[in-house]
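Residue numbers (our numbering), protein chains in the order written: chain A, 2 to 199; chain B, 2 to 199.
Worth flagging that the hints you see were computed from the coordinates, not collected in a lab.
Mixed in with the good hints, there may be bad ones.
One copy or two, it doesn't matter: identical chains are merged, so the pair holds either way.
[As the list claims (entries may be wrong)] With a cut-off of at most 25 Å between alpha-carbon atoms, the simulated SDA-like pairs for lysine to any residue come out as follows: (1) Lys-62 <-> His-101; (2) Lys-168 <-> Ala-129; (3) Lys-83 <-> Asp-180; (4) Lys-62 <-> Leu-73; (5) Lys-62 <-> Gly-137; (6) Lys-155 <-> Met-70; (7) Lys-168 <-> Ala-148; (8) Lys-168 <-> Arg-68; (9) Lys-83 <-> Leu-140; (10) Lys-62 <-> Gln-160; (11) Lys-62 <-> Ala-5; (12) Lys-168 <-> Ala-80; (13) Lys-62 <-> Ile-132; (14) Lys-62 <-> Ile-36; (15) Lys-62 <-> Gly-108; (16) Lys-168 <-> Asp-69; (17) Lys-168 <-> Pro-144; (18) Lys-83 <-> Arg-68; (19) Lys-62 <-> Ala-29; (20) Lys-62 <-> Gln-127; (21) Lys-62 <-> Thr-136; (22) Lys-62 <-> Ile-107; (23) Lys-155 <-> Leu-73; (24) Lys-168 <-> Asp-76; (25) Lys-168 <-> Arg-82; (26) Lys-62 <-> Ile-51.
These numbers were taken from a predicted model, which means no experiment stands behind them.
2 protein chains.
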Amino acid sequence: MARALEFWFEFASTYSYPAAMRIQDACAQAAVPLIWRPILLGPIFAAQGISGSPFTLYPAKGANMWRDMERLCADAGLAFRKPGDFPRGSLLAARIAAHHADAPWIGDFVRAVYLANFAEDHDIGQPAVLIDILTGLALDPEPVLEAAQNPDTKAHLRQLTEQAQTKGLFGAPSFTIGDELFWGHDRLDQAVRWAALA
Amino acid sequence: MARALEFWFEFASTYSYPAAMRIQDACAQAAVPLIWRPILLGPIFAAQGISGSPFTLYPAKGANMWRDMERLCADAGLAFRKPGDFPRGSLLAARIAAHHADAPWIGDFVRAVYLANFAEDHDIGQPAVLIDILTGLALDPEPVLEAAQNPDTKAHLRQLTEQAQTKGLFGAPSFTIGDELFWGHDRLDQAVRWAALA
């Protein structure tokens, strides 16, 4: 009997992109229930004394990350264009995902936001970009954006980010099965196997 | 026609261990010439403003690394015991490897040092441990240790570490094929494929 896999992701996070693109299929194939857990990395990095991103704090690591993303996406058959701005503002998109984590369209929404950021170089911090995405999913954007700005939604996203830290999470993407924490796109398959065997 | 793969490793580095254990076989199977490049991470981290190891600087990341190593080694069929001290002094072992990088026994020596550190919890900073390893390889330890302390050998190891930084290296293990830099045990297979196709 498979256990649920919690997928912790940040829309500004580069390696969350390839993970987000294939996690729903990977879990479905292994009959593993998938729980979408949008978070903000800002507070998680800040708690470790990192302001901004480790990839801007450590330039050599950052330079290699962009080249690695190119190679990795090419191998995976994923479109990739280095965003004109990094990291991009992800707050509004994360609030939408937090409020609608159980919606039937959540997977499509998450993938569309990542494609906008990392394949199309659109500014996902702009409401207009998210309105386009929601419209493209045949949704009425107005109530979705309204619900995203609800105080309860804001508190919920903060709680998810705190819950992630309680589990020992320090970066994204991460995957948890109970208290077992897997970090990084490179551990996606191992995490899914772990959930399937649990 | 395959191009040579340079393998940059640090004997104190956790993820260099699984990479070191299988890189010679992986390169041989792909007919990729392998060049052993021992380095010291201390100066490379220091140049990035990190004193000690990122895994001690960022405790949540460090905690997950040990659990990840357990899972990763279990999956790979590698013995693993968390070293009683981390990071261990690797200077003498690195000097031996730098001076003898082309010796027919270099692969066996490198693997024996990693097993001592990460499977047997021996202090590889102690000459006695290295003497045991060399003796186990049917070598006379005395001239090997003497050559390791030669000023030319010390300078050679420093040059290798500087050369690594020139190539943009910021951590270990790393693999380069010409100027193409791959970082981390998770990129070993991709790097070998890259060398084989070049």
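Which of the numbered hints above does this structure break?
1, 2, 5, 6, 7, 9, 12, 13, 15, 17, 19, 20, 21, 22 and 23
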